[in-house]
Every structure is written in structure tokens, then in C-alpha cells.
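A.B. asks: If you're matching them up, the sequences are chains A and B in order.
For the first sequence, counting from 1, position 27 maps to 27 in UniProt numbering; every step adds exactly one.
For the second sequence, counting from 1, position 145 maps to 145 in UniProt numbering; every step adds exactly one.
Note that these hints are calculated values from the structure, not bench results.
It cannot be assumed that every hint is accurate.
Here are the in silico distance ranges between beta carbons for each label pair [claimed, not checked]: (1) A:Pro-75 x B:Ser-91: 28 to 38 Å; (2) A:Asp-99 x B:Asp-121: 12 to 22 Å; (3) B:Ala-151 x A:Arg-40: 20 to 30 Å; (4) B:Cys-108 x A:Val-77: 16 to 26 Å; (5) B:Gly-126 x A:Asp-99: 14 to 24 Å; (6) A:Val-77 x B:Ser-91: 17 to 27 Å; (7) A:Asp-99 x B:Arg-147: 38 to 48 Å; (8) B:Lys-110 x A:Thr-9: 44 to 54 Å; (9) B:Leu-120 x A:Ala-11: 24 to 34 Å; (10) B:Ala-151 x A:Arg-51: 48 to 58 Å; (11) A:Arg-51 x B:Cys-85: 24 to 34 Å; (12) A:Pro-102 x B:Asp-118: 23 to 33 Å.
Here are a few chain A residues that sit away from chain B, every Cβ distance over 10 Å (derived from the structure) [stated by the list, open to error]: (13) Ile-37; (14) Arg-42; (15) Lys-43; (16) Arg-46; (17) Arg-51.
In silico contact screen, one side only, chain A against chain B (beta carbon under 8 Å); selected entries [what the hints assert, rightly or not]: (18) Asp-23; (19) Asp-56; (20) Arg-67; (21) Leu-70; (22) Arg-90; (23) Arg-93.
A virtual CB, placed ideally from N, CA and C, is assigned to each residue, including glycine.
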Amino acid sequence: MPKLTVTDTEAQLLVAIEEARIDAAIATRFKDRLRDIVLRGRKPVRLDMRRVDFMDSSGLGAMIAVRKALPEALPLVLEGLTPNVERVFRLTRMDTVFDIPPAATQQE
Amino acid sequence: MPHTERQNAGPAPRRAARVQPMFHRVLQADPRDVRQALTDLRGRFAGAVSADAMGRLELVLAEVMNNVAEHAATQGVGSGCMHLCIVMQDSGLSCAITDDGSRLPADCLKPRGLPALDPLDLPEGGFGWFLIQGLTQSLCYYREGHRNCLAFTVPYTQVS
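Turn these sequences into a full structure, and let the hints steer you where they fit.
C.D. replies: Here it is in C-alpha cells:
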């Protein structure tokens with residue numbers, strides 16, 4: 001089962017992806033698991049992706065499916081994108097669909 | 001054999017001037033085997049190419065090999081194996097992937113754009129060949145007997 005660490009605060013869900021790779025080997029299970037989490041939460045989601053070192057188009061498809069499962073009014077913010085993950089969002093123009101804050105503002 | 005080569009032969013041969021890693025693997029057309037091959041591949045080339053080139057190479061190969069696993073090798077056609085070979089050349093990382101599954105549809109290699117970005121119904125797939133085409137040079141496909149052969153180069157620096 002894909003490892004996801006969920007921190008539920010009053011205002012939002014913080015989900016840390018503990019997998020190094022979101023690829024075809026886990027994309028379907030990852031999608032189902034994350035969709036369950038965000039649908040149960042019904043609140044804005046912050047996804048911590050700093051540990052994800054590789055994502056392919058099946059992983060991207062899983063992310064898009066989760067975005068579509070969430071009501072449009074609820075933000076899904078992707079934080080800590082590594083270069084390999086950022087590349088896939090950028091090349092497919094999906095960086096315009098997701099809420100991806102610039103790296104410099106993510107320092108805490 | 002020229003004189004110098006004979007001098008370099010023997011139990012302690014002089015190292016060749018340029019030693020570059022290469023990679024060859026026969027693997028099951030299965031996402032877990034693809035993942036393992038890519039992990040090993042990264043270990044092989046990490047010291048020889050930039051992280052950026054490595055990332056592009058890994059993405060392209062993931063897309064190609066997962067396509068083979070999903071479409072070519074799943075219909076009881078062929079052995080369910082594929083062959084992967086990567087060598088470093090002046091122009092970039094030259095890759096060849098062959099398998100004995102069903103034929104690649106011609107549409108895959110036609111120049112293509114992104115799937116339509118309908119904000120109300122976002123596409124969840126259709127990105128694979130777009131990525132492959134965008135990240136490779138000299139992409140070519142041919143059928144040799146019962147085998148699919150796909151070859152391309154991933155440049156060391158992205159031109160576009």
C-alpha cells in the first residue's frame with residue numbers, strides 16, 4: 001500500500017507522500033488511497049511531495065484523478081516538487097491546473 | 001593488430017582512453033520489473049550524465065516500457081519479455097527497446113500535441129507519447145519479424 005502520512009488540522013489536510021516513486025507500479029493504488037483521504041476530509045489539501053523523486057504519466061494521471069475527485073472550490077496545493085516531478089507537470093501544462101506555489105515561498 | 005594495441009594487451013591492459021557506462025537488460029514486461037530496471041539504470045549512469053539528463057532519460061524509458069507492459073505484452077502475444085539497451089554517444093544517450101508483443105499502432109509516432117485541456121473534464125491519460133516525442137531525438141520504430149524495435153536518443157542537454 002502506498003505510504004501517505006495524513007495530518008488533519010482544523011483548517012486543512014496535510015498529506016505527506018512517503019513514496020520515492022509514483023509510477024505505473026503503484027499509480028492505481030496511490031490514486032485510490034489518496035482519493036479516499038481527500039474525499040473523507042472535505043477540506044483544503046496540502047500535498048507534501050518532497051520525497052517523491054520520480055513520477056511518470058501514470059502517476060500524473062493519478063494526481064489528476066484526485067484533483068477531479070475534489071470539489072473545484074477546495075484547493076489542492078502541491079508543495080516541495082523535486083525537479084523530476086516538476087518536469088512532468090510543466091511539460092504536460094498541468095502546472096496550470098494544480099496549485100503549485102513557487103519554490104522560494106515554501107521555506108518554512 | 002597495430003603495434004600499440006599489442007603493447008596494451010596482456011594480463012594488465014592499459015585502460016582505454018574513454019570508458020563509458022552502458023546498460024543492457026532483458027526484463028519482464030511488468031511495471032515492477034520496469035521500476036527495478038530504471039533504478040539500476042540510474043545507478044549505472046548517475047556519475048556520467050547530469051541529473052537533468054538522467055531525469056529525462058528515466059521518464060522517457062518509463063513511458064516506453066510501461067506502454068510495452070500495458071499494450072504490447074498483455075494479450076498473450078509473445079514471451080512477455082522486452083530488451084533494453086542504452087549506450088552513450090556524442091549526440092546523447094542512445095536507447096533501443098525491443099519486444100515480441102503486438103505491433104505498435106502507427107498513430108503513436110505521429111506528431112502529437114497535448115490532450116485537450118478541458119478544465120471541467122481534465123484528461124487523465126494520453127500524455128505518454130507526447131512526453132516521449134518531446135524528450136527524444138531521432139525517434140524511430142520498425143517491425144523486424146515478430147519483434148517491435150523502438151530506438152531514439154535522449155540529448156545530454158535539452159534543446160527546446
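A.B. asks: Does each hint hold? Answer for all of them.
C.D. replies: Hints, verified against the model:
1. A:Pro-75 x B:Ser-91: 28 to 38 Å: violated, 44 Å
2. A:Asp-99 x B:Asp-121: 12 to 22 Å: holds, 19 Å
3. B:Ala-151 x A:Arg-40: 20 to 30 Å: violated, 47 Å
4. B:Cys-108 x A:Val-77: 16 to 26 Å: violated, 34 Å
5. B:Gly-126 x A:Asp-99: 14 to 24 Å: holds, 23 Å
6. A:Val-77 x B:Ser-91: 17 to 27 Å: violated, 40 Å
7. A:Asp-99 x B:Arg-147: 38 to 48 Å: holds, 45 Å
8. B:Lys-110 x A:Thr-9: 44 to 54 Å: holds, 49 Å
9. B:Leu-120 x A:Ala-11: 24 to 34 Å: Since B:Leu-120 and A:Ala-11 have Cβ atoms about 27 Å apart, the given range 24 to 34 Å holds.
10. B:Ala-151 x A:Arg-51: 48 to 58 Å: Violated, at about 34 Å.
11. A:Arg-51 x B:Cys-85: 24 to 34 Å: holds, 31 Å
12. A:Pro-102 x B:Asp-118: 23 to 33 Å: holds, 26 Å
13. Ile-37: holds, 18 Å
14. Arg-42: For A:Arg-42, whose nearest Cβ neighbour in chain B is about 20 Å away, the distance exceeds 10 Å, so it holds.
15. Lys-43: The claim holds: A:Lys-43 sits with its nearest Cβ about 21 Å from chain B, beyond 10 Å.
16. Arg-46: Fine: 20 Å to the nearest Cβ keeps A:Arg-46 off the interface.
17. Arg-51: The claim holds: A:Arg-51 sits with its nearest Cβ about 15 Å from chain B, beyond 10 Å.
18. Asp-23: holds, 6 Å
19. Asp-56: holds, 4 Å
20. Arg-67: Status holds, d = 7 Å.
21. Leu-70: violated, 12 Å
22. Arg-90: violated, 11 Å
23. Arg-93: Hint on A:Arg-93: holds, closest Cβ of chain B at ~6 Å, below 8 Å.
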